[in-house]
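Asker: Chain by chain, the residues run as shown.
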Amino acid sequence: MTEHRADWPSDIFAVLREREISQICHVPDAGHDRLIRLCTAQNDMSVTTLTTEEEGVGMLAGAWLGGRRGALLMQSSGVGNTINALALPAACRMPFFTIVTMRGEWGEGNPWQLPMGLGAPGALEAMGVTLFRVDRAEDVTDTVNAAAGQAFNNQVSTAVLLSQRLIGAKGFK
Amino acid sequence: MNSGTLQRRDVVGAILTLRKPNLLVVGGLGSSSWDIAATDDNHQDFCMIGGMGLAVPVGLGLAGARPENRVLVITGDGDMLMGMGSLATVAQVQPRNLIIVVLDNEVFGETGGQPTHTAGVTDLAAIAKGAGIAVTGTIRDNTALTEAVPLIHEAEGPLFYVVKISADLPETVYPPLDGPFAKDRFRTAVLGGANA
Chain A
404 MTEHRADWPS DIFAVLRERE ISQICHVPDA GHDRLIRLCT AQNDMSVTTL TTEEEGVGML
464 AGAWLGGRRG ALLMQSSGVG NTINALALPA ACRMPFFTIV TMRGEWGEGN PWQLPMGLGA
524 PGALEAMGVT LFRVDRAEDV TDTVNAAAGQ AFNNQVSTAV LLSQRLIGAK GFK
Chain B
20 MNSGTLQRRD VVGAILTLRK PNLLVVGGLG SSSWDIAATD DNHQDFCMIG GMGLAVPVGL
80 GLAGARPENR VLVITGDGDM LMGMGSLATV AQVQPRNLII VVLDNEVFGE TGGQPTHTAG
140 VTDLAAIAKG AGIAVTGTIR DNTALTEAVP LIHEAEGPLF YVVKISADLP ETVYPPLDGP
200 FAKDRFRTAV LGGANA
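Protein chains in written order, with our numbering: chain A, 404 to 576; chain B, 20 to 215.
Because the hints were derived from the structure by calculation, they are not lab data. Watch out, some of these pointers could steer you wrong.
As the list claims (entries may be wrong) - Footprint (simulated), chain B over chain A, 3 or more residues, beta carbon under 8 Å:
1) 440 to 454
2) 462 to 472
3) 483 to 491
4) 516 to 529
Glycine is no exception: its CB is placed at the ideal position from the N, C-alpha and C atoms.
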């Protein structure tokens, strides 16, 4: 179990490769660190660090206009920054795919993370984003694959929520 | 008081009249998109009517996906002020094929002409320079515009120009309002029908 848990970022990376997702945009989160490193080491992937998450929604729309698939990696706190930007893929029926590391749940120790962490799923759903939640490492591959396929095959917005139970709660005491 | 004398539609016309076949244009929401639509109904132009602050990020993503094309973002000062962080992201990526032109009328033209920050002390070209975009400039007259247009079409990017324009609003000419149609039209023109 411990071993599998350590492997889930590699599982996500394998799905990104399989789905030909090559533009990665992110505001970093500790939970995404390993995946970001895997993508950065891949020559035919572009990894772009953003100043704020809504830039990623715009960049991925631009990439799609040019025929390229991408994904936005962010923490649940960043979801709030994307809300109006999500109108762009929705209004133009473009695919938008994001993988969100969740805070504010399952043993959260930082009270400042609770409001946006607890509000992130509702905010995404309010903007028409279909949610795929993952709580267990063995479900990562299938869930990320299903969410990516749904986004790009139907030209809709989907989000994978990687739960804090999966990632591990930060040790506040 | 607005300091610009150039007319926005003349500026966009002067730039787009000399466009090359590989140019893709991203229009920022509002008047910039109307200017592009009024100049030519080119299917390689994607005009935004929402998503404030995102014209530069859309251009950046497009430039990365299409290295064989040149991408010109034409947007306004209000849109640029909302997305200033994206200038730092552009500077980090250093896309050789991305050019940003900000039509700066120093007002929120679509909402009643309330002054923007550039009507005061804010200098968008200085911000772009500080963000790390090496080539920036502020254009205030036809002479400077005439000098800049060849660079917009040929010089290595990223380039960032502010064009100070009059706050006069010409007739509204809409680009396609239906987003899926606009997107499919653009992708068909750029990628070919089989890939769109």
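Asker: State for each hint whether it applies.
Answerer: Verification of the supplied hints:
no. : hint       : verdict
1   : 440 to 454 : holds (count 5)
2   : 462 to 472 : holds (count 10)
3   : 483 to 491 : holds (count 4)
4   : 516 to 529 : violated (count 0)
In the structure shown, a violation is registered for the earlier hint numbered 4 alone.
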